[in-house]
Amino acid sequence: MSGAADGTGTSGPAGPAGPPARRALQRQALVIGLATGAYGISFGVLSVTAGLSVAQTCVLSLVMFTGASQFALVGVIGAGGVLGAAAGNALLLGARNVAYGFVAAPVLAKGRGRRLVLSQLVIDETVAMARAQPDPASARYAFSATGLAIYVLWNAGTLAGAVIGGEVDPAQFGLDAMFPAAFLALLVPQLRQAGARRAAVVGAAIALVLIPLTPVGVPVLAASLGVLAAGVGRTATAAANGPVERGGDLDP
Amino acid sequence: MSWTALLLISAGCYLMKALGPLVLADRTLPPTAARLVGLVAVPVLAALVVIQTVSSGDRLVLDARLPALGVAAVLIWRRAPFLAVVLGAAATAALLRLVR
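Protein chains in written order, with this note's numbering: chain H, 1 to 252; chain L, 1001 to 1100.
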């Protein structure tokens, strides 16, 4: 990824640094998309087994397009929960996308129409990929490439899973273990600063304590307060606000 | 589940994503705010790792996902490709469940 910092081609509105860097980003985006697509299969399976129709399952992935919220929604419905609880969980889990939206905003293309479309792609993976890039042009490209790959493959996976229906047990193939692994792989490159590591430990601890105490969805929201731990004993420095240098950690 | 509810909840999730991009338009946040907001993903991702590993609904559950995450951590530490990390975790969980 070091080639991404050499500044070639950064003048164009959509031009990240150099074709090699762009190809590397495309490769990463595809890999993340494939992992997400595999998980989309398990979402499709879980959704139809929870009682949603194939059409409803696919519309959820197309329109809601934020995995954790979708899983929470069908999880509560499948467990016989009331609609209010299901909606609350989905919206609570989606609340982190507000923060992601503010993070991603400077990288998104200008213009209201484009932003309305690109906003749909504001999710964990796209924002993490954008933040891992050394310059704004690469970040913009990484965001769009990752978002496109995930959008296509998540929906394809959802359709496949919904059609397969109850014939596959996601746990049997370890699909449920893919998500924490993917989140960890996205997290590690962001832990280079001590402040970030503190925030991660506090966030994880908050989640662990709250899992049995609060409704599903609350631990994630509460864990976001862990960010305050990053500021302890530190005055603002430019380094903290800068890009993470080692985005190449995800490089295939 | 009704279509109306499904679409309303979906719309709510979309609006949350669109808030930042539309409110901020072409401006940027003040540096301190940007730093905090930028770091929000870190504790949230850490929380998601924990939740996706040891919880099932609102219960703490220890199962094959934990050793699978251990394998993933080793693979990340050894600089393995992203796909290898994810598939390594899935294979570990699948194998452990197979032998149990």
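By construction, these hints were calculated from the structure, which means they are not laboratory data.
What you are looking at is a predicted structure, and each value in this text was computed from that prediction instead of being measured.
Treat the hints loosely; a few may be bogus.
Stated by the list, open to error - Beta-carbon label-pair distances, calculated as ranges:
1. LEU116/H to TRP1077/L: 34 to 42 Å
2. PRO20/H to TRP1003/L: 45 to 53 Å
3. VAL201/H to LEU1060/L: 17 to 25 Å
4. LEU1008/L to GLY80/H: 16 to 24 Å
5. THR49/H to VAL1061/L: 28 to 36 Å
6. ALA1005/L to ALA160/H: 19 to 27 Å
7. LEU1062/L to ARG114/H: 44 to 52 Å
8. ARG1078/L to VAL54/H: 27 to 35 Å
9. ALA1033/L to GLY165/H: 42 to 50 Å
10. THR1004/L to ARG23/H: 18 to 26 Å
11. TRP1003/L to ARG192/H: 43 to 51 Å
All C-beta atoms, glycine included, are put in the ideal place defined by N, C-alpha and C.
Given a hinted range of 16 to 24 Å, is it respected by the beta-carbon distance of LEU1008/L and GLY80/H? 21 Å, holds
Look at the Cβ atoms of LEU1062/L and ARG114/H and judge whether their distance stays inside 44 to 52 Å. Once the Cβ atoms are compared, 46 Å apart, the range 44 to 52 Å for ARG114/H and LEU1062/L holds.
If I claimed the Cβ atoms of LEU116/H and TRP1077/L lie 34 to 42 Å apart, would that claim hold in this structure? 40 Å Cβ-Cβ, so the 34 to 42 Å window holds.
Within 19 to 27 Å: is that where the Cβ-Cβ distance between ALA1005/L and ALA160/H falls? 25 Å, holds
Given the range 27 to 35 Å, decide if the beta-carbon distance of ARG1078/L to VAL54/H lies inside it. 41 Å, violated
Is the gap between the beta carbons of THR1004/L and ARG23/H within 18 to 26 Å? 44 Å, violated
Take a look at whether the Cβ-Cβ distance between VAL201/H and LEU1060/L falls inside 17 to 25 Å. Once the Cβ atoms are compared, 18 Å apart, the range 17 to 25 Å for LEU1060/L and VAL201/H holds.
Can the suggested window of 42 to 50 Å be confirmed for the beta-carbon pair ALA1033/L and GLY165/H? 46 Å, holds
That 45 to 53 Å hint for PRO20/H and TRP1003/L (C-beta), does it hold up? 47 Å, holds
Can the suggested window of 43 to 51 Å be confirmed for the beta-carbon pair TRP1003/L and ARG192/H? 46 Å, holds
Honestly, do THR49/H and VAL1061/L meet the 28 to 36 Å range at C-beta? Distance hint for THR49/H, VAL1061/L is violated at roughly 19 Å.
The structure fails to meet hints 5, 8, 10 from the earlier list, while all remaining hints are met.
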